[in-house]
Every structure is written in C-alpha cells, then in structure tokens.
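In the order they appear, the protein sequences are chains A and B.
According to UniProt numbering, the first sequence is numbered sequentially starting from 1.
According to UniProt numbering, the second sequence is numbered sequentially starting from 1.
Take the hints with a grain of salt, since some may be wrong.
Any copy, or any two copies together, can satisfy a pair, since identical chains are not distinguished.
As the list claims (entries may be wrong) - With a straight-line cut-off of 35 Å between C-alpha atoms, the simulated DSBU-like cross-links for lysine-lysine are:
1) K63 / K34
2) K258 / K313
3) K178 / K63
4) K313 / K34
5) K258 / K114
6) K178 / K114
7) K178 / K258
8) K34 / K178
9) K302 / K63
10) K332 / K313
11) K332 / K258
12) K178 / K332
Keep in mind the hints are simulated off the structure, nothing from the lab.
Only a predicted model underlies this, so the values are computations on that prediction, with no experimental measurement involved.
2 protein chains.
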Amino acid sequence: MAEHESSNQTLEMEKPKPPLRCIVKLGGAAITCKNKLETINEENLSLVCQQLREAMATNSASKVFGMDWSRRAGDPMVVDFDEDPAMDLDTNFIVVHGAGSFGHFQASRSGVHKGGLQRPLVKAGFVATRISVTSLNLEIVRALAREGVPSVGLSPFASGWTTSRRNIASADVSHIDKALHAGFVPVLHGDAVLDNLQECTILSGDVIIGHLAQLLLPEYVVFLTDVLGVYDRPPIDPNAVLLKEIAVDEDGNWSIVKPTVGHLKKEVEITVAAHDTTGGMETKIAEAAGIAKLGIDVYITKAGTIHSLRALKGEVGNVPDDWLGTVIRSSKQVHPLR
Amino acid sequence: MAEHESSNQTLEMEKPKPPLRCIVKLGGAAITCKNKLETINEENLSLVCQQLREAMATNSASKVFGMDWSRRAGDPMVVDFDEDPAMDLDTNFIVVHGAGSFGHFQASRSGVHKGGLQRPLVKAGFVATRISVTSLNLEIVRALAREGVPSVGLSPFASGWTTSRRNIASADVSHIDKALHAGFVPVLHGDAVLDNLQECTILSGDVIIGHLAQLLLPEYVVFLTDVLGVYDRPPIDPNAVLLKEIAVDEDGNWSIVKPTVGHLKKEVEITVAAHDTTGGMETKIAEAAGIAKLGIDVYITKAGTIHSLRALKGEVGNVPDDWLGTVIRSSKQVHPLR
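Chain A extracted, bound-state conformation (with noise of 0.2 Å):
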C-alpha cells in the first residue's frame, strides 16, 4: 500500500463511536458503461443501491423514504410527504466509487496524472476531470438517496486532500466522521488533486479507500466490480479459476488460501486495464492486501448479485461455499483448520 503521511488531526480520528461497519467501493467498470463515454450503468446502479440499502436496514418493513427530491431530465418533481417517514437504517457505511468511463478521458488526454499545472492542457484537463467526475458522483449520491439512503458527496479535492508525488499527503477525514456521526453516508470519489511535488494528479478511489481504512478501521472493506472476484489468469480465459481466499502476511506478500494450489497455474497473472490511468486489479490487490494486513477483511465481489448483497451484509467471513468472491485477509486470521 502507498505510504501514508497522516496529519495528526486525522490521527485523532482512529477509533470513532460506534466503530464504522463496512466501506464499499463501486467499480467505475461496475457503475458505468466502461467502452461508452460518462454512461452510467442505470440497471447496475440501482441494483448496487437497493443492495446498500438492504444491508443497512434494521426493518425490512419500512417503506423507502426517498431523498432525491430534484427534478429528473425535464421530469416534474414529485415529492410525497402523506406518510410519516420511518429512517430504520444502519447507515455506519462509506461509499467510494471509481471513474468508469468519466474522467478518463479528460483525465488521460491531457495527462493530469503526469502533473505540471503550468501547461494550460494540463490546467482545462485537471478542470475537465473534475467536472466528469463530480457529475458521476451527483449521479451516484441522487440514486442512493432515491433509494432512501441519506447519502451526501464529499469530493476528496473540495475536502483540501493533497498528495505528494501521487501518494496521499494530507487528507483530513474529521469532517467524514462528523458526517457519519451525524448519521450520513459519505460518498467519496476518485479525483484530481494538487500535490506537493508534481503540482496536480489523480488520486484512485482504491488509494482512497485504503486511507480510509487504516484511519477508521471498518469492520469489513467490500469492492464491487465486473467480475466475480480475483482470478489466477485474466477471467475470460475459460481456464481461469476463482481465488476464494488470499492470506497476507505482514510483509505484504500474498498466498492463495482456497482454493488449494493443487488446481492453480502456477503463477497468478494480473491483468492491467490499458484504458485506466489509475491503475487496475494490480492496485486493486495491493490496495486490498495493505488493507488485510491492518486486520480487516476485504470482500471482493461482482456488484449486483446475490454475492454482492451478501458480502455489503458481512456475511461472508467464513467464505461459504456457494459464495462466489475473494476474500483477502490477514494471514493471522485465516482460520487455521478451515
């Protein structure tokens, strides 16, 4: 995992009362139409919602009280206030999403990443992004609240988070928890960011997720993704094997746990997205491995089954069987018998 410098003040947040439960990051190539410019994957993001909202339900009776109430493309609006509204949630959880097919090109064609805010491209691209993103994470905050989850967007640059050659430098996460507290649920996102050395990058919705974790110590980490977990060779290879559970050792090396390597190639190929700027399952892995090691489990799952719904309830720490998914932990709390 990237090496975090932490400000005190965000240090003093570690153990926030009562303990965050779950932090899920939404895959851009789960939320959005990856090979269709900023298209939003409606079908799957309404899935993902409903799913966030189910886990986070302590009556499952109650009706959805919805929290969008803006007009929809050219839509009237329609708000219904008759019943008394009932808010039987749990809503201890963090939303991360990725980029998809939203800022990466604004973000790739003027080469935000690489820095250097002198050049104008450079300058209307950090501009570019930010206005794709946000309009992605406007999208993503309105579901989740159509939904009746009272979700509110923080966006990471607006938050003053800053990186120092692409690793975060300072990012303040007191006001996140004054949100949780307050009984919101934070939605964060990739973005471009300034940083120290190289003047602007873009700081991944996985970097994020990883400081958040080591920060607030959730109880569980889910990302939902396109595929059903990690594999040992890239997953259209009808040969590819899912990975049920990796165990990571304080080091940060990893080893396959479940399935036993007898039925394994012998060496785990990772494939890179060429289109992602960020950084693909490579960084998704590491991000999750520095996670594990802090103790806390990651839940690797295809967003919009039963396995995802699963995973958001927590309930797939012993990796049952007919769950389809990767779980990475410690290799401290693998179970030694299992």
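Fit chain B to the supplied structure of chain A, relying on the hints for placement.
Chain B in isolation, oriented as in the chain A frame:
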C-alpha cells in the same frame, strides 16, 4: 455581520500572495429563474461567465480554451485540441453563488435551517437540499469552464465548514487559498451544513462572502443581482431611487452619500423576499456593510449589464455618473470632496 469564530489555521491565511483581486457573488435571482423550480437562467449565466472572463483577461485577443469536456444532455462531446491553447487570465477571483430556485424548496419544506437531524424529514431535506444546490454548482462550474475560466467547485459542506447557531463556527480557507495559488477559480455556494448547536442549518452564500472577505481581504467584492442595486424603497415602486453610494461607520451604521438625502424618502425600506430561507436584501446589506467596514469596496449591480462588467473589472470605485449600481464602503474611505 455575523460573529465569526475562526480557527488559528484559517487566520494564518489572512494575507495570501498575490492578493486576492475580487470575490463575486452570483445572486440566485440573477442566475436562476426564481419562480421556476430548478431552472437556470441560461442567458444570464452565460453573460455573467463571459463578463467574468473578460474581467480576468490579460490579453483580450486570446481565443477561449473551453474546459468543459463532458457531454451535455445527450450531445456528443466535441473537444478541439488542434490549437496550442493559451490562458491569458488573471484568475485571482473567487465566485460564490446563491441558490435561487435550487435548494430553497427542499430546505424550507423540511425545515433544514431550523435544525434537528433526528427527524427523518429534516435528514431527508438535508440530503435533498445538497443534491439540488450541488447540481446548480456543477452547472455554474461548467458554464465558467466553457468560457475558459479554470473553475473548481468547492462545496462548503464537503470542505468541512460548520456553524454554531447559524454563524460560521469553523471554515478552513487553506484549501481555497491553495486552489487560488494553483491558478483555479474556486466556486462556492450556499449549502446545508452541520451546526454545533442545532445539528444542521443552511449557510447562505452572503454569509460565506462575509467570512471569505474577512479572511482573504480582496481588493473589492461584487454582488450581482437582478436589480440595479439598493433602492430607497422596493424597486417596483416607480418613485424608487437608486442609492449610488452608502457609507458604513465603524459601528456598522450606514448613511447615504449619493444621491443627497433631499431626494429621498426618509426611512429606507428594505424588502425581504418571502421564499428566501436565508434572508433577502436585508442580509445582503448587512453582509455588505460588514465587508465595507473592513475597508473593502462592495459593488452591488445587475448581472449581465454594462454596469456589471465595469464592476467586475473594478472600475467603479469613483462611482461614475453613467454607472448604475450601489457602492457600499467604509465612511473612512469616502472622498470628502465628492
């Protein structure tokens, strides 16, 4: 002006280099259609953005390099990279906008300004208000970016700003300052925020302006609204007289310098629009007076006119006869012979 308790961190930023040139308030009434729910006054907004660019231009012959590279309402994206872009702008401006027909419905219907997040309706209203005002913020950032102004949205809630019984309690401006130094134009807005005493409230754009002016000491502040300035009675009254210059003394009392009092109604009436949850012209004048007391000229005029362009350029300090608007300034700054 509201009593501001500032943190040490914010006070360190009092004298940025180079000095801030201007803080501009885009009044909600000027950039939205006040009586049409969540509808932007596209023509006015576009004019305001063009004038802001013109006020910033150091070389008026430079071609506009558009920075909004996102799709708009179904349109395909067209980004022209053929030319080597130039950016001959003095970007040392901050923009703060009101909500107009965005956010007010959501806030007033749920009573967010009165606090009480334990009530589901208030919590939902908080979420709904932020969705509405941040969607307006995104559209204003995009409109500025299309005119080649390197604008970045900075939502007060996301920046961790909080209030104590509606007055600003903490509002760290260090990242606004960093954004300015990096050559960006921060765009802030009236927002729903957490309140130390009543859990939540609405922080108005006018209060934000007062706070920023106090900490960042701009050369001048411009309020762009839907009337030419401050009148001695409601401006729809045919006998209403435009007050061209108002002096504010150290105690915040104000007197009319121009025109001379003989022409005026004795008691100046100030109207407060009923739909405005954060106060109308009265709050505006109180905030303007608070800023003027600091020795900073405040220009109030109508958006999208020749008068607003002159105000944005800072060319109306001597209150020209052919300029229509109101200058509010410290009585110490008023020229004794004029």
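So, going through the hints one by one against the coordinates:
no.	hint	result
1	K63 / K34	both (33 Å within a copy, 33 Å between copies)
2	K258 / K313	within (22 Å within a copy, 68 Å between copies)
3	K178 / K63	within (27 Å within a copy, 45 Å between copies)
4	K313 / K34	within (27 Å within a copy, 44 Å between copies)
5	K258 / K114	neither (39 Å within a copy, 55 Å between copies)
6	K178 / K114	both (33 Å within a copy, 19 Å between copies)
7	K178 / K258	neither (39 Å within a copy, 48 Å between copies)
8	K34 / K178	both (34 Å within a copy, 33 Å between copies)
9	K302 / K63	within (27 Å within a copy, 47 Å between copies)
10	K332 / K313	within (23 Å within a copy, 65 Å between copies)
11	K332 / K258	within (15 Å within a copy, 78 Å between copies)
12	K178 / K332	within (32 Å within a copy, 43 Å between copies)
Hints 5, 7 from the list above are not met by this structure, while the remaining hints are.
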